[in-house]
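Given chain A, work out where chains B and C should sit, using these hints.
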Amino acid sequence: MAFFKPSFGTDLRRQSTAFFQCRSLHSSAPQFKSPVSIVHPVHHRVRYKKSILHPKYQTLLTIPKWDPRSHLFKPQAVQPSRVKTHWETTLAPDLMLANYSHNELKLRGRKHQEWDGSSPYHVNRPLRSPAGNAMATPDILPRTFRTVPFVTSIWVNTFNHRAVTEHAERNIPSTVMIQQITGVKPAPAYSGVSIMQWRLRKERNVGAVVEIKGAKKDQFLATLVEVVMPRVKDFQGIANSSGDKFGNISFGLDPEGVRLFPEIEGNPDLWSGITGLNITFVTTAQTDPEARLLLSSLGVPFYGRERFHNVPNLDGTKQTRKKGVVYYENSQE
Amino acid sequence: MSLHQLSSMFWRRSQTIISRTAFQSAAVSRIPQPLHNFEVSGVKFTHGSLEVTRGKRTKSGGSSPQKIRLVNMLSLIGRVRKAPYRLKLSYEDLLRHRTIHRAWQLVKRQERESRNTELMTQYQKIQVACDELEKASPELFAQAMDKPKSLRFPPEYRIPTETPPNVSWDSSWKKATLPQVK
Amino acid sequence: MPRLPGFVSQASRASLRAASTATSSIPHSASPSFADELDPKSILADKDLSTIARAIGCSADDLTAFPNPTVPAGGEPLITARQLTMPAAMRPPFLDWRVQMKPASLKSKKFRNTYLSPIGLDGAFREALEILGKDRDTKYVQVLKLQSKVDAIKAQFGVLETNEITDIKARSEAYLIEVKIEKLRILAELSNPEVIAQFERGRADMQFPVYRYLARKKWEQIPRAQLVDRLENMHVIPDTMPYIKPTVDLRVRFPGPTAYWFDPGRILSTAVTAQVPEFQINTFEDKTSRYTIVIVDPDTPDFANDSYKSTLHYILSDIEIHGNKPDVDTEASTVVVPYLPPHPEKNSGIHRYAVWLFEQPDGERLAIRQRGSKEIDNSKLLDRDEFDIRLFRSAYGLKAVGAHLWRNKYDSQTEAVREKFGLGQGTVWSRARIQHY
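If you're matching them up, the sequences are chains A, B and C in order. With the numbering used here as the guide, the letters of the first sequence map in order to residues 1 to 333. With the numbering used here as the guide, the letters of the second sequence map in order to residues 1 to 182. With the numbering used here as the guide, the letters of the third sequence map in order to residues 1 to 437.
Since the hints were made in silico from the structure, they are not lab data. Cβ coordinates follow ideal geometry from the N, Cα and C atoms, glycine included. A few of these clues could be false.
In silico DSS-like cross-links for lysine-lysine, where the CA-CA straight-line distance does not exceed 30 Å [as the list claims (entries may be wrong)]:
id, chain 1, residue 1, chain 2, residue 2
1, B, K147, B, K174
2, B, K88, A, K65
3, A, K74, B, K108
4, C, K218, A, K49
5, B, K149, A, K84
6, B, K108, C, K218
7, C, K325, C, K399
8, A, K84, B, K125
9, A, K74, C, K102
10, C, K245, A, K50
11, A, K84, B, K67
12, A, K323, B, K147
13, C, K183, B, K108
Derived CB-CB ranges, DEER-like [as the list claims (entries may be wrong)]:
id, chain 1, residue 1, chain 2, residue 2, range
14, C, L146, B, V107, 31 to 37 Å
15, A, I195, B, E118, 49 to 55 Å
16, A, V123, C, S412, 56 to 62 Å
17, A, P75, C, A215, 28 to 34 Å
18, A, V78, C, T138, 54 to 60 Å
19, A, Q197, B, E118, 53 to 59 Å
20, B, K108, C, A215, 26 to 32 Å
21, B, P154, C, K183, 17 to 23 Å
22, A, K202, C, K183, 22 to 28 Å
23, A, V123, C, R433, 16 to 22 Å
24, A, N278, C, K183, 47 to 53 Å
25, C, V335, B, K108, 53 to 59 Å
26, C, N163, B, M120, 47 to 53 Å
Just chain A, same shape as in the assembly:
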């Protein structure tokens, strides 16, 4: 009978530092260890990906992205970008000047608050909501040459109601449509809610979604602004009330508008059930008005009364200054 020793590296459940400080020789020692599940401590100070140690993945993981042998290789700079060049040469200085305000300070956003510790139950309790039951907001940094807004990406998604009421295969044309328009591979979109009147159930594949970045984003933006928008019937622009308060602007395009994309317009007979699009411009602007200014510089029209949520001095909140930072008056700590 083999001498039974606590096996190393096999039974993680029973291992702890205490275990190694008093390893026992006798064979039934492991049975007296605490049976609780613990996170095994790490003693070295090196960061590495565990998968790189697997011989199967070593070739894959050690080839850099720029190498044509890599599966991630993608040819760079295959086309110049009109929109990007325009932003870099003209818009960035203009926007910097337009958003400039002198000696601006950082505006600290509304943050979750610590409990005061008056009760023992405060330990591990989730943080208190921001003062005034407001939404937590990020800080607004001074507008400098480092915080000139630009469009980072555009999200396009479509919802096909016929995929719900008729058959899931109705989703295929709208998916292909979105791929043809944007040039990016779409991902399936699933319903998040059940709506009985629409016969819609939760987690059904009811559309497609795409995030456009880089040169394709610029291409899409230019097409939208120069080809599609001017020809949409009775198109006034994007509502000035649109936006998520943090510099991301959304609007919808109805099926008639979608038909004006050159990819669809070229062969309209091919497309049977055209669906509308929801388009969101994701920008680095810190507030919605700044994002609208940016989009208007790229030729996007806006209409209607403007909304100033989360805009300092315009949204009705009062602020106080303290040590080079501006605070909302009711959230001062």
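Just chains B and C, lined up with the frame of chain A:
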């Protein structure tokens, strides 16, 4: 296999792939196959374990044109042969490629840095000018700092094109007004 | 004669000139050349400028036309050619589109003849070399400026080495500049295709910072991760030392006809491990320091305490390692505790033999360092049977910089090893039921 199952299968697969832009190069050591090897009908095509025979007559009279169109559309969003064959380069050419890549990165970085420096200089000049104005005339400074609530670029503002416009000068131009909703 | 692009610009020419006018022959790497007539060794040994010019592909006048940035007007060179650049790396002969029409790396004649380079690659490569060469030159000019700063500081204190500067502030300033210089010298050469080619063919010269940098990166990518993973999984940490962040590559092998640098954690035969192991220490730094190697077995059964204890197997100290010579010379070092071959007792399981590499403080010889007023019982420091590696480390003021590991168990050769080295009969462990009343 129903079309519904077929489409869900394509979805599953499309989750896992990394699509690559097709690019041209004379250096492919194998002649690249066409990306989509379909014909309209009468051709058996295979996706993994699935076999669909198109154009085959069934009792109900075969697939409808709508269905065939759907299958063709599915082939567009499927993952099969989206990426071109991997470029096979000799060691020397790989090194050349690496060198070119690094030079390209260097050029881009230098461009970016010079642009940022220029922007920074402009910003500093704005600051200095504002300070001077504040010292010289506080009233003018207050007026200069008074920004309009809603700021927009003019609606005629366009992204420049590389070619000149068809109409070089529009003499009947008048300032556009966007419809306002009350 | 047409000129080769890039890497033959001002600084390179200057360094070539400096190299050619130097009185002693410049040590440089054994740099291979695809074309014999372009062998950099012969080029640099030759002091005739025209030969060099011919090798690079420009006229001798071109070399002399540019002012040499390394030599200030009427003064000694601030920096030698060795420090400035790599002789072998200043031109890419085998990447030259004119010298090599077909890639030499393709071994098969058929492949070589049918292979087609991508269209436009050569032109782009030429342009890339020019861009990178310019960048490289600006970096070396920066190096020269910084070097002159360091030299000024050294001259102010009248010393030759940075660590001899007496003023702490000035020393740290000089040290920071030197770090910056090292970084610049790495960056200057990192885009050089010749450097990468030399490195990937295993012909790196560790005297140059860029090769040390590449070697370190290569080691950090897989071997270091593997080592740390095994140390953690096999619980060498914290069973012997509490933690580690390896900065030095320690490699171990046992001599013999099939000697090889084994992966950490391998189970070896006791016959193999009966010999004194050989070591290699790659520091990836251009410095000389002293190291101590300790081999410990933390799995020796301790029946009296119902536990395990550590057995000391080997202490080799005062190992002097120069940056570019990794081999450990046992004879030049001090054997503090001679090697005891592993001889696990029967049924005592698999024993881990942890090899720890410590750096000796300030490059001095191994000596006990008293800390504070606390007395250390020195009599038990080197006790083979009850060795405490943590106590040993703190008593000698050492710093753990590397580790390795192998494993042994009782096998068919263990008895022979015991007999050969006179280790006596070992205990045979077996289970016994104890009655509890």
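Now the hints, each set against the structure:
1. Distance check on the hinted pair: K147/B and K174/B sit about 26 Å apart at the alpha-carbon level, within 30 Å; holds.
2. Between K88/B and K65/A the alpha-carbon distance is near 15 Å, which keeps this suggested pair within the 30 Å criterion.
3. Among the hinted pairs, K74/A with K108/B is consistent with the structure: their alpha-carbon atoms are about 17 Å apart, no more than 30 Å.
4. Under the criterion of a C-alpha separation no larger than 30 Å, the hint pairing K218/C with K49/A is consistent with the structure, at around 15 Å.
5. For the suggested pair K149/B and K84/A, the alpha carbons sit about 27 Å apart, so the restraint of at most 30 Å is met.
6. With a C-alpha separation of about 27 Å, the suggested pairing of K108/B with K218/C holds against the 30 Å cut-off.
7. Using a Cα cut-off of 30 Å, the hinted pair K325/C and K399/C holds, with the two alpha carbons roughly 21 Å apart.
8. Distance restraint check for K84/A and K125/B: the Cα-Cα separation of roughly 25 Å lies within the 30 Å cut-off, and the hinted pair is therefore satisfied.
9. A distance of roughly 26 Å separates the Cα atoms of K74/A and K102/C; the hinted pair therefore holds under the 30 Å criterion.
10. Restraint check for K245/C and K50/A: satisfied, since their Cα atoms lie roughly 17 Å apart, inside the 30 Å limit.
11. Proposed proximity of K84/A and K67/B is contradicted: the alpha carbons are some 42 Å apart, above 30 Å.
12. The hinted pair formed by K323/A and K147/B meets the criterion: a straight-line CA distance of about 25 Å does not exceed 30 Å.
13. Simply put, K183/C and K108/B have alpha-carbon atoms about 21 Å apart, close enough for the 30 Å limit, and the pair holds.
14. For the hinted restraint 31 to 37 Å between L146/C and V107/B, the CB-CB distance of approximately 25 Å leaves it violated.
15. Under the hint 49 to 55 Å, the C-beta atoms of I195/A and E118/B, about 53 Å apart, fit the expected range.
16. The hinted window of 56 to 62 Å between V123/A and S412/C holds, with their beta carbons roughly 60 Å apart.
17. At about 31 Å, the CB distance of P75/A to A215/C agrees with the hint of 28 to 34 Å.
18. Between V78/A and T138/C the beta carbon distance is about 30 Å. The supplied range of 54 to 60 Å is therefore violated.
19. Distance hint check for Q197/A and E118/B: the Cβ-Cβ separation is about 57 Å, which falls inside the suggested range of 53 to 59 Å.
20. The hinted window of 26 to 32 Å between K108/B and A215/C holds, with their beta carbons roughly 28 Å apart.
21. The hinted range of 17 to 23 Å is not satisfied by P154/B and K183/C, whose Cβ atoms lie roughly 49 Å apart.
22. One distance hint, 22 to 28 Å for the beta-carbon pair K202/A and K183/C, is violated here, with the actual separation near 56 Å.
23. In this structure, V123/A and R433/C break the distance hint of 16 to 22 Å, their C-beta atoms being roughly 48 Å apart.
24. Separation of N278/A from K183/C is about 49 Å and conforms to the stated range, judged on CB atoms against 47 to 53 Å.
25. The hinted range of 53 to 59 Å is satisfied by V335/C and K108/B, whose Cβ atoms lie roughly 57 Å apart.
26. Between N163/C and M120/B, the C-beta spacing of about 39 Å breaks the proposed range 47 to 53 Å.
Hints 11, 14, 18, 21, 22, 23, 26, counting from the list given before, are not met by this structure.
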